[in-house]
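Engineer: Residues per chain, in single letters:
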Amino acid sequence: MMPLYIALAVGAIMFGVGLYGALSQTNLVMIMMGVEVMLGGALVNLVAFWRFLHPTAYPGQTFFLIIMTVMALDMAVGFGVGTARFRARGSVEMEEARELKG
Amino acid sequence: MTTVLVIVALLVGAYLVAVLESWTSTGRLSFASPLLAGLALVGRESLVPRKSDRIFFEVGPVLLLVSAVLAAAVLPLSPGLIITDLTTGALFVNAALAYVMVALLMAGWGPDGAYAMVGGFRFLGQLVGYSMPIVMAIVGVAMRAESLVTTQIVESQVTLPNAVYQPVGFMIFFVAAMAVCFLPPFDLPTAPGELAGGVMAEYTGWRLAVMRLARAVLVVTLAASVTVFYLGGWNGPVLPPWAWTAVKTLAVAAVMLVAGRYVPRLREEHLLAWYWKFAIPLALLNILYVGIVLIAGSSSSMSM
Amino acid sequence: MSALAQYALLLALAAGVVGLALSLHGISRSLGKPREEEGKDVPATAGKLHRDPVWARYHVRYYGYALLFLAFDMEMAFMYPWAVVYKELGLVALLDMGVFLAILFLGLLYGWSQGALRRQ
Amino acid sequence: MILQTVFIGLFGIAAIWFAVVVFRTHSMVRSALALLFSQAALGAMFLAMQAEFLGVLQIMMMATEMSIMAIFMVMFMMDPGGLGGMDMTHQKRGSQAAGVIGAFAALGVAFLAGWGSPAATVPGPQEQLRGLGLDLMERSMLIFETAGVTILAAMIAATAVALATRSATKQEGNDE
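Protein chains in written order, with my numbering: chain L, 1 to 102; chain H, 1001 to 1304; chain U, 2001 to 2120; chain Y, 3001 to 3176.
Since the hints were made in silico from the structure, they are not lab data.
Careful, some of the hints might be misleading.
A short, non-exhaustive set of chain U residues, derived as facing chain H with CB atoms under 10 Å [said to hold, decoys possible]:
{"#": "1", "residue": "Leu-2009"}
{"#": "2", "residue": "His-2025"}
{"#": "3", "residue": "Lys-2040"}
{"#": "4", "residue": "Tyr-2062"}
{"#": "5", "residue": "Ala-2066"}
{"#": "6", "residue": "Asp-2073"}
{"#": "7", "residue": "Val-2099"}
{"#": "8", "residue": "Ile-2103"}
Since we're looking at a predicted model, the values are computed, not measured.
Backbone N, C-alpha and C define an ideal beta-carbon position, used for all residues, glycine too.
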C-alpha cells in the first residue's frame, strides 16, 4: 500500500509546483514549463494506478503514451505561437499580450 | 564478474581506438601515446573559466562518460557476457545516447565561452538530424528479431546478418552512428581548425582527460552497437564468440575513424537537409521493405 | 536476474563512473593547485580577450527542423511496441502503421513545402 | 519490496526538487535542464515501479524535448544566462496559494479515496511490451490513429504559425 501513496503524493506535489509555476511566470516558455511539470505529475499518477491497481490492463499504458504525445505537441504548438509573437513584437512576455484578452 | 570483464574489454577497446585516432592524425602507430597523454593531462592544472556556470561545467564531461558506459552496458560481447540483458535494450541504447547531447550542451554552455557555446548548440542541431533515422533503422532490426533484447537481436541474425538483409538500414545507421560520436565528417561540435576545439576548448587537465576517455568509449560503444544490430554480433565460424564481437567492433571503429580522413566536414544546414529530405524517407522505406519481406517470408513458409 | 536488480546494477555502474571522475579529481588536486595568474582563466576567443559573458541571445538557425522534430519524434513511442508484435500480426500491423506513418509523412511534406526544412 | 519503496521515494523527492529549481533559478538554460532532470527522475521512478518500457521512453524523449526548449528559450530572451537577475514573475502570492491548494486537493483525493488492495505482482517487461503492442494494434487502434492525426495537426499548426511564408520572406529580403 505504501508505494502507491508515495507515488500519488509525488504526483500531487508535482501538480502543485507546476500550477504555481504556470500562474506566476510571465514568460511564455516558463509557463509551458509549468504545464510540463503538471503533466509530469499526471504521468506519475497514471503509472502508479497502472502498476498498483490494474497491472494487466494495457490501455493504461496506451493512455500514458497519449499524454506524452500531448506534452510534445503542446510544446511544438506553443513554440510555434511564441516564434510568431517574437517575430512580431520581439518578446514573449505574457503581460504585454493585451490583444489576446477578449 | 561479467561486469568487470565487460568493463575491462571496454577500456581496452577505448585504448585501441585512441591509438588508432592518434594514428589518423600523426601517421605513426605509437602504442604508448594515449597512456602518456592521459597521465600528462591528469598531472597538468585544470582551469575553471571565470564567471562560468560551475555546475554545468563540472557535470558535462562526467555525464558524457556515464551515458557512453551505460549504453555499452546492454550490448553483448558473447552469450552471457553482458552486464544487463534489459528487455528494452535497443531502446535503452538510444535513451543513454540521447544524454550525449545533453552532456555536450552542458559542456558548451558551462564555460561561458563563445566557441564552446556554438559547438554545444551545433551538436543539438546534429541530434535533431540523426535521431530520427537512427531510431527508424533500429525499428527495422527489432521487427526482424521480434524483440528489443540485444541478445535476441544477435540470435535473429544467425542465418543472415542484418547488413545484408536490410542494407539501406545498415548504411543509415552507420552514418548516424558516426554523427553520434562526432567523428570527423560530422565533428561540428568540436571542429578543430574552425571552432578551436568547440566544446572541448575550455577543458584542461583531468577534465579534458575524462572528456577524451568518454569520446573513445563512445566510439567503441557505437561500433559495438553497429556490430550487434547489423553485423551479427558474436556469430561466426572457428573463432570463439567474444573474439568475433571484438574483431568486428574494432574493424567498424577503424572504418569510422579512417572515413574522416577522406570526407570533408559538412556544414550544419547541409547535414540537416540531407537527414530530413533523404535519410528519413529512406528509413521509412526500409521499414516498409522489411515489413513486406517478413510477411512474404512467413506466408511462403506457411504454404510449404 | 530480476528486472529491479538490473536497474540497480545500472545505477551502480553510473555511480562507479562518477566515482572514477571524482578520484581523478582527487589525484589531480593532490598534485597541486593551479597558480593564480592574470587572464589565465578567460575563455578562448579569436584575437582578443573576451571579458563580457557570451550568454546573450544566440540564434541557432534550425528552428523549423526543431519544431517539426518535436512533433515527429513522438512516432517512435508507438513504433517500438509495434515492431515487437509485428511478425505475430502480419498484414494488419503493416497497414495500421502504414496509415499512421503516411499521416505523419504528410506533415513532413507540408513543412517541407512551407520552407521549414531550410536555414531560418 | 522495501527497496522498491525507498527508490520510489528517493526519485520522487529528486523529481520534486528539480521541479522547484526550474522556477527558482534565473538562468534559462539551467531551468530547462532542471526540468529535464525532473522528468528523467520521474522516468527512473517508473523503472522502480516496474514499467520498464514507459520509464526508458520517458528518459529518452524528455532529453531531446527539454533541450529543444532550451534553444527556444535562448532565442526568445535577451538575457538567457540570467546575469541581470531580472524578476520574471507576477501575482506571486496568488499563484503560491493556488499551487498549495491544488496540491492539497490532489493529496486529499489521493489519500481519502479507497483504492482497494494493490496488486502484488506485475507481468514481466517482455510481456508488458507485447501486451502494449497488441493493445495498440487491436483494442486501441482507433486511439492510436487519432494520435497520428493529432500529431499531423500540431505539425501543420506549428509550421504555419511560426514560419513566415516564402513570399513574405522574399518581400522582407527586398526591403533590406
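Engineer: If a hint holds in the structure, say so; if it does not, say that too.
Structural biologist: Comparing the hints with the structure gives:
no. : hint     : result
1   : Leu-2009 : 5 Å, holds
2   : His-2025 : 6 Å, holds
3   : Lys-2040 : 6 Å, holds
4   : Tyr-2062 : 5 Å, holds
5   : Ala-2066 : 6 Å, holds
6   : Asp-2073 : 7 Å, holds
7   : Val-2099 : 12 Å, violated
8   : Ile-2103 : 12 Å, violated
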